Each structure stands twice: as C-alpha cells, then as structure tokens.
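Residue strings, one per chain:
2 protein chains.
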Amino acid sequence: MFINKLIESIKEKKSSVVVGLDPRLELIPSIVKDKYFKKHGKTFKAAAESILEFNKEIIDNVCDIAVAVKPQIAFYEQYGIEGLKAYDETCRHASKKGLLIIGDIKRGDIGSTSKAYSKAHLGKTEVGGEYLQAFYSDSITVNPYLGDDCLKEFVEDIEEYEKGMFVLVKTSNPSSSQLQDLEVEGKKIYEKVAEMVNNWSDQYIGKFNYSSIGAVVGATYPEEAKRLRELMPSSYFLVPGYGAQGGTADDVVPCFNKDGLGAVVNSSRGILYAYKKEEKWTEESYGKAARDAAITMRDDINTTLEKHDKKYW
Amino acid sequence: MFINKLIESIKEKKSSVVVGLDPRLELIPSIVKDKYFKKHGKTFKAAAESILEFNKEIIDNVCDIAVAVKPQIAFYEQYGIEGLKAYDETCRHASKKGLLIIGDIKRGDIGSTSKAYSKAHLGKTEVGGEYLQAFYSDSITVNPYLGDDCLKEFVEDIEEYEKGMFVLVKTSNPSSSQLQDLEVEGKKIYEKVAEMVNNWSDQYIGKFNYSSIGAVVGATYPEEAKRLRELMPSSYFLVPGYGAQGGTADDVVPCFNKDGLGAVVNSSRGILYAYKKEEKWTEESYGKAARDAAITMRDDINTTLEKHDKKYW
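As they're listed, the protein sequences go chains V and C.
Just so we're aligned: 108 in full-length UniProt numbering is position 108 of the first sequence, and the numbers increase by one with no gaps anywhere.
Just so we're aligned: 67 in full-length UniProt numbering is position 67 of the second sequence, and the numbers increase by one with no gaps anywhere.
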C-alpha cells in the first residue's frame, strides 16, 4: 500500500519533507541551461533538457533527506510535449532513487473522464489487449468539485495498483477562503469535503492506521488544519505552503497527530532555488544548496514536533 | 475576442453544436487502428496515430456543421506523451478547418501554478527571451475550487491573447449535487460560483453583449440552468451532457437566452461513434455517420429553440 511505503520511509529517514519540483527556467542556473540553448536554440527542447538535468541534480542531493518529490505538472505542461517528457523522466528518476512520487496534477472530472486521468497517472491504459503505463506516480492530487463519482474512479486504481491520492480540502492560496470557507448548516465547505474524504479514507487503512487516501491542507491555515485533523484522523495530509508561501514549522504542527505522524510537508522554491539566497552558494553548488535547505527544513520540522511532544522517531 | 469569433461562427453556421473529441480506442473502427497496430505493435504510438486519423476524419466531416470541437485532454493523457502529441495535432488540424478549440482541461491551482497552466494552453511560455506556444486552444475549461486568484491568472491571458474560458459551475455528472448543491445563506454553491463567474464575465464583454468568460452548465440539470441563466446573463454556457449522458434538446433550452444565443451544446460519444448505432453505417462510413449525427443534433436544437421562440437566425 502507498501509505505503508510512505510511513516506512518517514520513519527510516526521520523526515516528513516533500520536495516540490516546480521548475522555473528563469531560476535555473545558467551553467545548466546555456549548454542546451547552444545545442538546441531557445526551444522547448532546450528548456526541457535543462529542467531534467536540474531536477536530477536536486533529486540526487535530496533523496536521502526527503521522502517524496511532488512535481507540479503545470510547470512541465507549459513547455509542451518536451516539457511533459521531462516530467515523465523526472518521475522515473526520482522513483529509482527511492523517492515516492506525488504527481501534483489536481485533476478531477465526470466519472468516465476521471477514469482516463486515473489510468494516465495511477493505473494502466489498454491498447489492443495490452496494458501500458502512461505516466508514473505513486500518488496524485485530486480536485473534489465534481463529488464522489469523480473520486471513485481514482479509488478503484488506488486499490488495484496500490497507489494513493490527496484530495484538495483547504488549499494554501489567499483566495481559498472564497469558496472553501463558505458555511453550510454550521459547517464550512472544506469541512464538508473533509467528511467526504474521511469516508473514503476509512476504507483503505494500512498497518500504521493511516489511509492511502489523504488530503491537501495548506500550511498557511493552521487553525483550519487543527479542525481538519479531527475530522480526518486517518487521512495523511499533504501540506503545501511551507517556506516561500509563508508557512512556518509551527504552522504545520496542527497537521500532525499526537503520534508525530499524519502529515508530509512540501517546499518547492525554498529548496530548489536555495543557491540564490545565500552568498556562500554559487551556480555550481545549487544541488548542495538544495540539500542543505532540505536538511534545515527536516530538522526545523522535527525540532518543532518534538517541542510539541509529537515525536514519531 | 474569442466570444465574437464564437458568435459569428454560430450565426454563420446556424449551429450551436460542439463536438467533443474524447477518443476511446476500443470504439475506433478496426479499419483505422489495425494498420497502426501492424506498423507499431500494441503501443501508445499506434493508439495515438489511430486517434489522430480518426479525429481528422471526424473534424473534416463536421467542420461546417459544428462551431467548435472540445477535445477532452484526459483521453489523450492516458496514452502518455504519444497521446498528448495526438491532442496537440488534433487541435491544430481542427483550427485549420475553421473550428474553434475548447480545450477541456479543467485545470485550476494556486496563482503561480494556474499561470503556468494558462501559459501552456492559452498564452505563451518564455524560453530565454523567446515566447513559444505549448498547446493551442481558443478557450479552456477551468475548475473554480481555488477561487479568484486562480481564475485571475487565466483572465490575464484571455485579455492578452484574445482567448476564452468556461468555468465549471454546475457539472453534468450525478454526484455534482454533492458539493455544488450545498446551500449557503439561501444560495447553492453553484449559485455562489455563478456570481463569481459573472463578476469576471462582466469585465470582458464583446460586441454581441456576451463575454469571453463563460460557464459550464450540465444539460442534465435544466432547472438549475434556468436559475443560472438569470445569474450570469452575459456568460456563454458550455453545455455538456446532451445525448449519451441523457440530456435532450428540451433540457438545453433554458441555457439559451431569449435572443437564441448564450449556449453551445456538446456531444461526444453520440457523434463520434454514431456509426455503431445504425445498421446503415459501416466501419468505413464512420465519418459520414458522425456528420449525419451532428446535423441531426444541430437541427434538433434549432427546431426546439424555434418552438420556444428563441431563434437567433
């Protein structure tokens, strides 16, 4: 089961860190991209090869510190077919390096269409009797706006292929309140979604009492996270918003249960482009800078969890 | 502006028909796919080439009957990189044939990520100072769960590149009621989303008093559509659910305004695989069968609009 693999890795690495692989070409060191510009011109191919080299160096430097990577597919889709090839190879490389893959795709549609997305990222697609894999993920993010018949399609593949998903409950962005915080019969919409997620979670619980069906809960809303932790006791939380978006280690603590488990915390920009933040780093050492930032993040979260008596190790 | 182009095409073709290009390999005629299986084996390449040939034949047969095609990207994503190449080429071929492209991608994320999706499908992506196009669409579908700071990113490119979008308001699937019909201060969630969409719509109105920012409203919920028509008078509706999902011409009438405009109606399976429904068609005549089904749908909607005194021609 996905959730067992995730928690085993958390315990082994003593880490709840997820590295978000959101490549921004303009922030990738020139020493990486200039050679591809020279080779392929200013094309998507050059962009994609730069991104892939950059990602591999990051992955190789954080693979013993982070438990998972979360490539955000939008940042690859913007470079077209070539970008999506880089997405695909990034996922496969990270998987080989012992990292779990959380495909941050935020898909969701009517039943038959969700099934196609699920095949694309979790399951397999039939071609004339053969079953082939399109993209590789261990788990994905899913949008709940279309309700249970959308989620159901992903759940089927989660069961068959031992995968996982994180359903958007309370997102980290400023205007998440606009729809998600509306109140229905004394409950916020995100609480209603949490109930929906909890119903699914409870059906797929692994050996550590957690489920392969989890929730996205932004680090930027600690008060809401506290409430959501109660509503979804067995759901693992994927927590974006730490670092560049403003969330701190104290902010993410409510996402964890008393057992010190229950959440993985994502940072993208804060790790990937750490080399730009301190003078001691150069373009050449961007990988080491990322490693250093990932270690700092891991220790920051662990120390804060310990302070709140939420130690799992 | 996208909306002007759409309405001009509606008036010229006397049609509100959108053909949904949702390729299901198992339903594509053997005469198409067998030759690619022979050439490439049972691979994604064979699947993608079959889909592209099939789509082109459909497009060539409906290009004077439909105003737009709506490729559902999930059905391409499930065939990996090769599938997405077929998506890309399908969009470009349909555009050359005078059809508008509604990329049914249902994306939506936090601001910076939505910007990347928007560049991928509506705008352009910078590569070392050059601005390149990843995928071609005239408009896309967008998920509203993350609120205005998500929508804003798409709106910026809609303005700059003269594109459009349709925001999910009330979807056609059975469990759409689960979240979308919850009631907040006497208003359903889909009504709150409609107000959100209307605020954006009002800012981008073209010469026919309609906006390039529209809404997805399922044909399967005619009562709700009536209410939504009032809440978003200037938004064009993209109406899925006609045909295979159970929606009839009478069901879609409330999506239209008194001027006979205000909605385009999508059918996917009912047109694409029409050759399987009647004995007079063979595998060879699947294109003609699709054309025939599209004509029947166009006339069905027009006749019904006329009956309800909603004639635009």
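These aren't lab readings, by the way, just hints derived from the structure by calculation.
Computed from a prediction, not measured in an experiment: that's the story for all the values here.
Check before you lean on any hint, since a few could be wrong.
Intra- or inter-copy, both count: the list cannot distinguish identical chains.
What the hints assert, rightly or not - Calculated lysine-lysine pairs in the DSBU-like style (CA-CA distance at most 30 Å, straight line):
hint: 1; residue 1: LYS97; residue 2: LYS45
hint: 2; residue 1: LYS124; residue 2: LYS35
hint: 3; residue 1: LYS152; residue 2: LYS187
hint: 4; residue 1: LYS152; residue 2: LYS42
hint: 5; residue 1: LYS13; residue 2: LYS280
hint: 6; residue 1: LYS124; residue 2: LYS39
hint: 7; residue 1: LYS5; residue 2: LYS258
ask   = How would you classify LYS5 and LYS258 at a CA-CA limit of 30 Å: within, between, both, or neither?
value = within (20 Å within a copy, 58 Å between copies)
message = When Cα atoms must be at most 30 Å apart, do LYS152 and LYS187 count as within-copy, between-copy, both, or neither?
response = Both, since 24 Å and 27 Å are each at most 30 Å.
query = Using 30 Å as the alpha-carbon threshold, which applies to LYS124 and LYS39: within, between, both, or neither?
reply = For LYS124 and LYS39, only the inter-copy Cα distance (22 Å) is at most 30 Å; the intra-copy one is 35 Å.
inquiry  = Within a copy, between copies, both or neither: which one fits LYS97 and LYS45 at a CA-CA cutoff of 30 Å?
reply    = both (25 Å within a copy, 28 Å between copies)
inquiry  = For LYS13 and LYS280, with the copy left unspecified, which applies at a CA distance of at most 30 Å: within, between, both, or neither?
reply    = within (27 Å within a copy, 65 Å between copies)
key: 30 Å Cα threshold - placement of LYS42 relative to LYS152   = Classified as between: cross-chain Cα gap 28 Å, same-chain 43 Å, threshold 30 Å.
inquiry  = Reference check for the pair LYS124 and LYS35, CA-CA at most 30 Å: within, between, both, or neither?
reply    = Intra 36 Å, inter 23 Å, cutoff 30 Å: inter-copy only.
In this structure, every one of the numbered hints holds.
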